[in-house]
Every structure is written in C-alpha cells, then in structure tokens.
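Colleague: Protein sequences appear in the order of chains A and B.
Residue numbering for the first sequence follows UniProt numbering, starting at 1 and increasing by one per position.
Residue numbering for the second sequence follows UniProt numbering, starting at 1 and increasing by one per position.
If you're looking for bench data, these hints aren't it; they were derived computationally from the structure.
Possibly wrong hints are sitting among the right ones.
[Claimed, not checked] Derived lysine-lysine pairs resembling PhoX-like cross-links, with alpha carbons at most 20 Å apart:
#1 B:K33 with B:K138
#2 A:K52 with B:K167
#3 B:K138 with A:K138
#4 A:K126 with B:K231
#5 A:K355 with B:K138
#6 A:K126 with A:K308
#7 B:K255 with B:K231
#8 A:K126 with B:K355
#9 B:K126 with A:K12
#10 B:K412 with B:K355
#11 B:K12 with B:K33
#12 A:K308 with A:K355
#13 A:K167 with A:K138
#14 B:K126 with B:K308
#15 B:K308 with B:K167
#16 A:K336 with A:K12
The lines below spell out each chain.
Number of protein chains: 2
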Amino acid sequence: MRLSRYFLPVLKETPSEAQIVSHRYMLRAGMIKQNAAGIYSWLPLGFKVLRKLENIVHEEQMRAGHVPMLMPTLQPADLWRESGRYDDYGEEMLRITDRQGRDMLYGPTNEEMITDIFRSHVGSYKDLPLTLYHIQWKFRDEMRPRFGVMRGREFFMKDGYNFDLTKEDALHAYNRHLVSYLRTYERMGLQAIPMRADSGPIGGEDTHEFLVLAETGESEVFYDSAVTDLKFGDRTIDYDNHAECAAVMEEFTTKYARTDETHDEALFNDVPEERRRTARGIEVGQIFYFGTKYSEAMGATVQGPDGKVVPVHMGSHGIGVSRLLGAIIEASHDDKGIIWPEGVTPFHCGIVNLKQGDDEADGACEALYNSLTALGLEPLYDDRNERAGGKFATMDLIGLPWRITVGPRGLKNGVVELTSRRTGESEEMAPEQAVERIAQIYKGLTVRGI
Amino acid sequence: MRLSRYFLPVLKETPSEAQIVSHRYMLRAGMIKQNAAGIYSWLPLGFKVLRKLENIVHEEQMRAGHVPMLMPTLQPADLWRESGRYDDYGEEMLRITDRQGRDMLYGPTNEEMITDIFRSHVGSYKDLPLTLYHIQWKFRDEMRPRFGVMRGREFFMKDGYNFDLTKEDALHAYNRHLVSYLRTYERMGLQAIPMRADSGPIGGEDTHEFLVLAETGESEVFYDSAVTDLKFGDRTIDYDNHAECAAVMEEFTTKYARTDETHDEALFNDVPEERRRTARGIEVGQIFYFGTKYSEAMGATVQGPDGKVVPVHMGSHGIGVSRLLGAIIEASHDDKGIIWPEGVTPFHCGIVNLKQGDDEADGACEALYNSLTALGLEPLYDDRNERAGGKFATMDLIGLPWRITVGPRGLKNGVVELTSRRTGESEEMAPEQAVERIAQIYKGLTVRGI
Chain A
1 MRLSRYFLPV LKETPSEAQI VSHRYMLRAG MIKQNAAGIY SWLPLGFKVL
51 RKLENIVHEE QMRAGHVPML MPTLQPADLW RESGRYDDYG EEMLRITDRQ
101 GRDMLYGPTN EEMITDIFRS HVGSYKDLPL TLYHIQWKFR DEMRPRFGVM
151 RGREFFMKDG YNFDLTKEDA LHAYNRHLVS YLRTYERMGL QAIPMRADSG
201 PIGGEDTHEF LVLAETGESE VFYDSAVTDL KFGDRTIDYD NHAECAAVME
251 EFTTKYARTD ETHDEALFND VPEERRRTAR GIEVGQIFYF GTKYSEAMGA
301 TVQGPDGKVV PVHMGSHGIG VSRLLGAIIE ASHDDKGIIW PEGVTPFHCG
351 IVNLKQGDDE ADGACEALYN SLTALGLEPL YDDRNERAGG KFATMDLIGL
401 PWRITVGPRG LKNGVVELTS RRTGESEEMA PEQAVERIAQ IYKGLTVRGI
Chain B
1 MRLSRYFLPV LKETPSEAQI VSHRYMLRAG MIKQNAAGIY SWLPLGFKVL
51 RKLENIVHEE QMRAGHVPML MPTLQPADLW RESGRYDDYG EEMLRITDRQ
101 GRDMLYGPTN EEMITDIFRS HVGSYKDLPL TLYHIQWKFR DEMRPRFGVM
151 RGREFFMKDG YNFDLTKEDA LHAYNRHLVS YLRTYERMGL QAIPMRADSG
201 PIGGEDTHEF LVLAETGESE VFYDSAVTDL KFGDRTIDYD NHAECAAVME
251 EFTTKYARTD ETHDEALFND VPEERRRTAR GIEVGQIFYF GTKYSEAMGA
301 TVQGPDGKVV PVHMGSHGIG VSRLLGAIIE ASHDDKGIIW PEGVTPFHCG
351 IVNLKQGDDE ADGACEALYN SLTALGLEPL YDDRNERAGG KFATMDLIGL
401 PWRITVGPRG LKNGVVELTS RRTGESEEMA PEQAVERIAQ IYKGLTVRGI
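If we strip away everything but chain A, and leave its shape as in the complex, we get:
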C-alpha cells in the first residue's frame, strides 16, 4: 500500500478521553473512531489488524476440527425465555421491538440459538462429536463503556459450542479448546495464561479464563511465576487424541493461577514465596463446560448407541477478537507508539523515502515495494512529500515491526537501512538483502484466512 492512496488519519494530539495506552494509540494511529459511546468504526489500519486476528482464530479453530458457521446478530426473545435467561441478563441485554411488535434482542452470546439449531437437525449420537463456532458482532449495553475497544458495547467475538454424547467427550472438547486457544494467542505474540475462573451467567462447573498480564488489566490475578515459563511453541498435536490434549491441560493448569473471583489464599501460600505473584490481567478468552444445562432446558437430545434418548453434554468457548487488539497493544508498546508482533502486524514493513521526488530514491523505493509485494508480503510505502522526521514518527506510532529507510546518501553506497521497531537497532545493507531479511523474518507467519 502506498500511503498517498491510503486513509491513515493519525492524530498529533493525545485525545483527552482515552485513559489507557491502547485506547490512546488506537485513536492516534487512526485505527478507530468512536461513533457513539462504546461503538467504534474500524478505520482501515484497525480493520486490517482485526481481520488478521479473525483469520488466525478461524485457522486455529478449523485446525482443531471445529466447524465455522455464522449466526445473525439479532435473536428472537422467545429462545431466551426457554432457557430462562431473558430476565437474568438484566439491562446489559439490548432489547428491541420490531415493527410487528415482536420482542427481539441484539445477541450478547449464542447458547440458546445454537442449541435450537442443534435440536432441529441432530438426533443421533452418530453425528457427534460436533463443535460449531462463529465470529460475529455482539452487543452488551455496558453501563460505563470505556477503555476503547477493550470494553466497548458492540464487540467482535468468536464463540464456539461443543455437543458431545458423554461428559468425558465434552471434557475432551474443553481440553481441545484450551490447546487451540494457546496456539491462537501465541501466534498473535501474546502470552495468555489460563486461570481458574468463575462461570457467571453462562453457568457450569468448569471454566478457565485466559489472561494477558498488563498493568491496565481489569482483573487482579494471583499466580505461580512458573506459569509464565510455559510455552506451547511449535509442537504438533493430534486434536483427536484425548490423552495428548489432557496432558497439555494438565501442564498449563496445574500450577497456581487464579483471578480474584476464585483466589484461595491458603492454596496460594503453598506456592514457594519467591514464585508468588500478584498482578493485573486482561481477559481475552474463556472456556466453559456446563454439561446439560441448556440441552435439558431446551430439549437438545440424541439417541445413544443403546437406543436411549439423552440430553447432550455441552460447553461454550469464547475469544474476544476486537478486545484482543487492545490487549496486544497494552502488552507491546513504548512511548513512541505501538510495536506489533510479527504475527499480526497490519503491514509487514514500512518503506520510508527520505527524498520524495528524487529519481534515484523514488526508483529504489518502487523496486523494494515491488520485490516485497511479489513475495506475497505487504509493505506500507510512505510516498508522501513530507519531512523525514514526520515519516519516522508516523511509522513509530503505527508500530510496523520493520522499517526500510531509503535516501540518496545511502544509495550512493548501494545501501538502505533496515530498522527494528522493537530494539531501534539499524543495519545498512543492499536493498536485495533487506528484502531477503524481511522474507526470512515472516517465513511461516502467513495468515491464509477463510
């Protein structure tokens, strides 16, 4: 993308309404614009990251054998009356009356609707196990929307639902989700720690939240520092293998890690003192096993191998896709701006032309742009007629992890400069070499999407 043809309305001033760094930087970098309290437009740069995160979630869900679909944003109230949650949900649920006077709502989650779809179409254990998911806009009418996309009212969430014949199978689905979530967050450059949590209005016995440690997190968390040494890494896993998934669950959830909701001081004190940590965390996902709560209430049953009709065992599993942008920025920034992890950066590298209009510099930039594009990479070329200082400040603010700087002086010696946003370190090299380095860095990090 050439910046002269893009829409990147960066702000020089820090917007006064933004209390936390991710909100400030998303506004300043021209990623979002507020349209109403807690309701945002995703400007091109913000949308690009959002779509990348969405695609990563799709890839990892499909890899785990989960099947993508899409439910609508609006739901009939009657479904929620069946489960008994229509009244439970209170004022956070946005209630709507259509022109025929029917009660509708803007879905905050989809347990009822997916259970209705399941009971309409599935009647035999032979169709199990089944996990369906979607990534869709949802609405919670928060009393005090704040922190930008971190606590918005209209938000983008992946929610998945497993249907299993037995509790054992459903617990395998639970473990499988934990594994797929670990992979998902790591691809995004995040460490998200599974912590035992409280199930809240979803209900159920087992639940873990995934938390990213950050000073601005809403939850207080307590953990054994050894959990931060755990990495899923690039190990391969057979998602059908119960034992393999259970072993990952065991590895990642045995050490003490809890939110304030479930914190147990006595258990915490069993952790060696030098490893006890108290911090704040941002919730970026949650998995639930709730058994037959919805299937019994709504009649979602299957005939088992023995001919008996039984309610299915279910769980639900969510990733807050839009709030992940905020979490990633909270976890990765400095005083100049955002620092995108390579796995989610909106553009793979920036190209800064120090002397726009100079034939040699323009030509070298175009050549770099074309070489990178031909390799399937997406550079952002700042081809505007601006001072170098302004161009550098913009690149630092929007946080592309790599920058190639091209100027007449370097070109005389046949070199350009490759700079790491994270370390600030620069290295001179031939343009072809810079292209090769960038290609090397992003090898295996392509997001194919669906």
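Assemble chain B onto chain A, guided by the hints.
Modeller: Just chain B, lined up with the frame of chain A:
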C-alpha cells in the same frame, strides 16, 4: 473436509414455506436456517459460500484502489437527523433505544456515518480521491420478508463511498465502480446487466442497478438482447485511467436496458424488434452519484488547490452479498439441486466412496483427498456409511461442480470416474489424472481473501 466430521443437515422434504427455488435449495442443502422472520443462520455450507463471495468482493474492490474498513451495525440517530433522513426512512428503519435512553438505529446504509468520518479527518484536496468501503450486516425491517436470503431483514452488504474534489473525478469513481462490479459478478459466474434505475431515498442524479436475469426476479426489465452478448472477460484495465473506465461504461450502458422504474416505451421501440426483450431480474448491486447532497448537509468540505473551501462530490455503491447466494442459485440449478459456478463453489469437488469400509476404496479416496488438499484445493469426501444413491443425491443437491466416484470395480481397472454436475457427463480415468484435471479446472480461480 470429511462429511462425517462436517455439519451438513440436508432435508429430504421440500419446506412448505419456500416459494422460490433458491430458498428451497438453500434450506434443503443445509445452508441456512431461519431464526426469525427474515433472519437466518448461515450453516457451515452456506457460510462457506458467503465468505467466498465476501472475499471476492474485497479482492475486486482493493484491485480498484478502494480502501476497506468497517463501520458498526448500530448508529446514533443524531447523524440521521443531520441529513434529514431519520424521518424519511419510515418503518423499515429498526429504531432502538439504549439503556441510557439514547435513540439508536440498526444501520440500513452508511452515507451519514462515512460522511461524519470523512469530515472529522479530511480537510484538504490533497487527500483525494478517496474511496472507502465496508462489508457489514445491515437491517431493514421489511413488512413482508420472503424469498429466503433474497429479501431478508438482516442482510450482508458491501457499501462503498467515494469522495472527490470535482464532479468529473466523482464520475470517474462511478465508472470505476461499474468496472469493478462487472469483474466481481463475472468471477461469481453471473451475468449482471447494468440498467438505468431510479435513485430512491439515497438521492442523486446518476444511478445504475445491476440485474441478474431470472424468472423469479422482483423487477420487470426491458433490454436490447445485444447487452447479453457483452462480457468483461479477462481484459486488463488501469483503474486510474479515466478514459479506459469511461469506455467500459459506454460499452456496457449505451444499449437499451432499464427497469420498469425508468422504462421509456418510445426509446425501447427504437431497438430493432427482434432484439427487444422483456424479462424479470434480480437486483444484486447499485451505484450512485449524488454530488454534494450529504457533504453540504453535513459540512464535509475540503480546501481546494485555489484555497477555497468546497463540499466534496460523493457517490455510494452497493453489492448485496448475502442475496447474491440466492441470485446465483436462481441462475444456476436444475431439478436435482444447485449447480455452483467454479468461482464460488464451497468445495472444489466431491469424492464419493461407493464402498465405505473396503480397504482399497477407502485407501484410494484418502489418497485423492490428500493429493487435492496438497494442491490447495478443498474436496468434500463423503466417507459416511451410506448407500451410493443417497450419496449421489446429496452431491447433486449441494451442487459441487465436479465429483470423483471411487468404487472397487473401477479400481480393479485402475480408474475412477470424473463427473460434471452441469452436463452430467462422466469419464473414467486414473486417479492421478482426475486430480490433474481438477487442478487444471480451478487454475486462476483461487480466492485469496483478506
């Protein structure tokens, strides 16, 4: 995808509520499920096609230089009061009151919001030309939702908005959209004819609708049969070149083609009698030039090169992405089911195993599955323990354009059968040869998406 692990709830009976063929087949093929009047869930097969159409639209919009972003589904009513459309829209607009008592609405279109974004961030002609677009769920509270996704209430639409300094530039944007739309529809296997139309509540001087001819279309259309001979084909075009785009506009809109709204009997009679056609059409897109209607009302101005502040010239341009599924099926089916054009088919080919459980047949199917997958193709392998007749009926219903049939008898002679869904013709060949043929058919038809 292995069918045993997918969720494809095909129906044997024809649902009584469905009046037109696309609605019937989408229900029967397990692509959609109605959740409320005019509100649908997109089951996995339906979502897969929807996402492919979305990605094709993104690719063609970006190719034309238009910039993707995303606006929210809910909008504050005040924006619509500024343009004066809050009252004009009547009962089709879904009006919502949030917990703070603020008037909101579920957006049916986004002229006001995008104009607000533009005026907040752009002040100079140097930032023009600019075309921003998004693909988002919208809502129109239709009095009588019907025809499945063709006239739903919650629908998925691409809407784009151009901002230009002069009328001439804005008309180039209009032409550029016409070209990009022709490419888009042709990639989807559709012939969509641009017809002079009425601008309705959007307003403005120039507008064309794109119509797909189909017996079940809602609009009566009148045209010179010569327009159906026009193809954009694989010609290349420079979207920045005003003359090139204007020539395509001229070529595709000079011959008589109008909807009943703008039909002119006298002009129609100038068409040679043997080329005069009356038919029905499905509207799948519309482009508008409306000048300064919104920019004046809402103060979206820029400073021109001469220092004067002037309102920008605008247009808006829409593609009905969810209704396109219906339109494609209306245009391409037979009495056994859907026939997907290769450009949008949810899976590239079906694999039918005539004897599930037979080692040789199972092995040959797995090998085909793996070879096709390794080439980046997506086969749907019917690995269920069902009769061949049922497997064929399902494949015909869901309409994959190519099917490979594998059975012990053929394998004895080293062959499988490759069948075209469109012609019904079959050919025996070695498995490797079938893979090669499928790869050849889909060469260049990959949708990369964003």
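Colleague: Hint by hint, say whether it matches the structure.
Modeller: Here's how the hints hold up against the structure:
Restraint check for K33 (chain B) and K138 (chain B): the C-alpha separation of about 18 Å stays at or below 20 Å, so the hint holds. This hinted pair does not check out: K52 (chain A) and K167 (chain B) have alpha carbons roughly 36 Å apart, beyond 20 Å. The straight-line distance between the Cα atoms of K138 (chain B) and K138 (chain A) is roughly 14 Å, inside the 20 Å bound, and the hint therefore holds. For the suggested pair K126 (chain A) and K231 (chain B), the alpha carbons sit about 48 Å apart, so the restraint of at most 20 Å is broken.
For the given pair, K355 (chain A) sits about 45 Å from K138 (chain B) by alpha-carbon distance, which is inconsistent with the 20 Å threshold. This hinted pair checks out: K126 (chain A) and K308 (chain A) have alpha carbons roughly 13 Å apart, not beyond 20 Å. In summary, the hint linking K255 (chain B) to K231 (chain B) is supported, as the alpha carbons are separated by about 14 Å, within the 20 Å threshold. In summary, the hint linking K126 (chain A) to K355 (chain B) is supported, as the alpha carbons are separated by about 19 Å, within the 20 Å threshold.
A distance of roughly 18 Å separates the Cα atoms of K126 (chain B) and K12 (chain A); the hinted pair therefore holds under the 20 Å criterion. Taking the CA atoms of K412 (chain B) and K355 (chain B), the gap is near 13 Å; set against the 20 Å cutoff, the hint holds. Using a Cα cut-off of 20 Å, the hinted pair K12 (chain B) and K33 (chain B) holds, with the two alpha carbons roughly 15 Å apart. Taking the CA atoms of K308 (chain A) and K355 (chain A), the gap is about 77 Å. The hint is violated against a cut of 20 Å.
Proposed proximity of K167 (chain A) and K138 (chain A) is contradicted: the alpha carbons are some 29 Å apart, above 20 Å. Restraint check for K126 (chain B) and K308 (chain B): the C-alpha separation of about 13 Å stays at or below 20 Å, so the hint holds. Between the alpha carbons of K308 (chain B) and K167 (chain B) the distance comes to roughly 16 Å, so the proposed pair stays at or under 20 Å and holds. The hinted pair formed by K336 (chain A) and K12 (chain A) meets the criterion: a straight-line CA distance of about 12 Å does not exceed 20 Å.
Of the numbered hints listed earlier, those contradicted by the structure are 2, 4, 5, 12 and 13.
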